[in-house]
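Participant: Protein chains in written order, with my numbering: chain A, 1 to 263; chain B, 1001 to 1263.
I should point out that these hints are in silico values taken from the structure, not numbers from a laboratory. Please note that a few of the clues may not be correct.
In silico DSSO-like pairs for lysine-lysine, Cα to Cα no more than 30 Å straight-line [to be verified]: (1) B:LYS1054 to B:LYS1133; (2) A:LYS133 to B:LYS1043; (3) B:LYS1054 to A:LYS133; (4) B:LYS1256 to A:LYS133; (5) A:LYS5 to A:LYS43; (6) A:LYS54 to A:LYS133.
Simulated coverage check for chain A against chain B, where a stretch passes if three residues somewhere in it have a Cβ under 8 Å from a Cβ of chain B [as the list claims (entries may be wrong)]: (7) 2–10; (8) 122–128; (9) 164–178; (10) 218–229.
We put the beta carbon where it would ideally sit given N, CA and C, even for glycine.
So you can see what is in the structure, the chains are spelled out below.
2 protein chains.
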Amino acid sequence: MLPPKLIDTIDAFFFDMDGTIYLGEEPIPGARAALRSLRERGKRCYFVTNNTSKARHNYFDKLKRMEIEVELSEIIYPMHGVCDYLRSQAIDRIALLGTEALRQALVDDGFTVTFDNPQLVVIAYDNEMTYNKLASCIRLIHEGVAYIATHPDVVVPSPHGDLPDVGLFLPLIESATGRPVERVFGKPNAEMITGVMARDGLRAERTAMVGDRLMTDIALAVAVNCHSILVLTGVTSVADLATSSVVPDFILDGVKDLAAQAS
Amino acid sequence: MLPPKLIDTIDAFFFDMDGTIYLGEEPIPGARAALRSLRERGKRCYFVTNNTSKARHNYFDKLKRMEIEVELSEIIYPMHGVCDYLRSQAIDRIALLGTEALRQALVDDGFTVTFDNPQLVVIAYDNEMTYNKLASCIRLIHEGVAYIATHPDVVVPSPHGDLPDVGLFLPLIESATGRPVERVFGKPNAEMITGVMARDGLRAERTAMVGDRLMTDIALAVAVNCHSILVLTGVTSVADLATSSVVPDFILDGVKDLAAQAS
């Protein structure tokens, strides 16, 4: 439970998506009503995912399909930080281990995506990966091209059990090449949301991060020094908390409990 | 160098292929002549690889292309041990992370290769891998199907640097599923060649294993308790020997030096 008055002191909520707002294609019971209730009280809501297998508008469309009110600018995923970084380094030619949707998003953003003489290799979550594509990236890294990763998650949940994510391909690439990843974006890095907070004039002490994962969502809140709210609708159980070095400020059964607080 | 009379006491040589007999598509200088010379002195020669991206006859064809004398029965790769094991366990339905050539070889051998209700998952070197194929194997392992690996090698050499082999996908699969591999075939397991030695009546003390890798070729010789001969035409340098717990009996610049001994 949240302290009765806490919600009045919070202007903006950053919500994790999978495990917090929805599970796969299904909204989590009560999430939609809670979000509507928060919006009605004038709270800003943002939606934050580490998943880089889709483009920003795919997440926008998904929330819309679930009849959750959202603006495109409220969807936050690691590619914003990645693209800002590329521009800051004057990099416009990149090789990509990533999906066609992500490749197209990068091209739309003005980048050239190519295995031919790129300045950097970008490792994203790629459920369209082939050995040839992976080998093309590894050959470039052997040649001395640096590589970054969009996020550190080791697994992607699926209805049939966890599947390998970027965080399991990074040690494979490092073992084959002897070269470590240069930089990893996404939650729990503070920059994942500090750019948006600056853009929208949000103060950390009046902001909350809500999510189901200790090492990404709650660790992000710790990094940003905002309030952290763990929900138990995803991968984390109360038992997991006993052995965790990352501790949330508050624990709720689910996002639905924010409606009770907000009503 | 070998002791002058040693070669007279050896009846059979097991040769590693890549890095020992050839490098990629090129025979190693002097290897062809050395093999011919050994054959002329009545020595038995076998060719042993851990690479499971091809079928046995592909290696046979490759040596023939290089004008190296060879019988199909002299080619040894991990699938013999794998198939013997499957039969000993009465397993005839398997899921495969492997190439089309390997799948066809297993089908020709009488196995049903399917993701639909298999008894076991077999992880081979798969340079035709897709994320979907990997995910299909991982889902089966989540469901409780055990998995074995054809060999433990972590990398495959390529002209552009090492590429990931089975040994780098095993920790990825174990991390995603929480389940360790049940059994790993191939060098350096003694069974890789002891079946052939029994078949052809070879005695370990009159047999030599020749190869370029300490942890597979030389470790196999140690496991079999036969003579071990390291060649320096592949991945191992003299400097590597200083830090290795696996030590060869003899070191040659290359297979060519066996011709000098045999002439």
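Participant: Run every hint past the structure and note whether it holds.
Facilitator: Status of the hints after comparison with the structure:
1. B:LYS1054 to B:LYS1133: holds (18 Å)
2. A:LYS133 to B:LYS1043: Not satisfied, since the Cα-Cα distance of roughly 44 Å exceeds 30 Å.
3. B:LYS1054 to A:LYS133: holds (20 Å)
4. B:LYS1256 to A:LYS133: violated (38 Å)
5. A:LYS5 to A:LYS43: The given pair, whose Cα atoms are some 14 Å apart, holds under the 30 Å limit.
6. A:LYS54 to A:LYS133: This hinted pair holds, its Cα atoms lying about 18 Å apart.
7. 2–10: The restraint on the region 2–10 of chain A is violated, since only 0 of its residues have a Cβ under 8 Å from chain B and three are required.
8. 122–128: holds (count 3)
9. 164–178: holds (count 9)
10. 218–229: violated (count 0)
The structure does not agree with the numbered hints 2, 4, 7, 10 stated previously, though it agrees with the rest.
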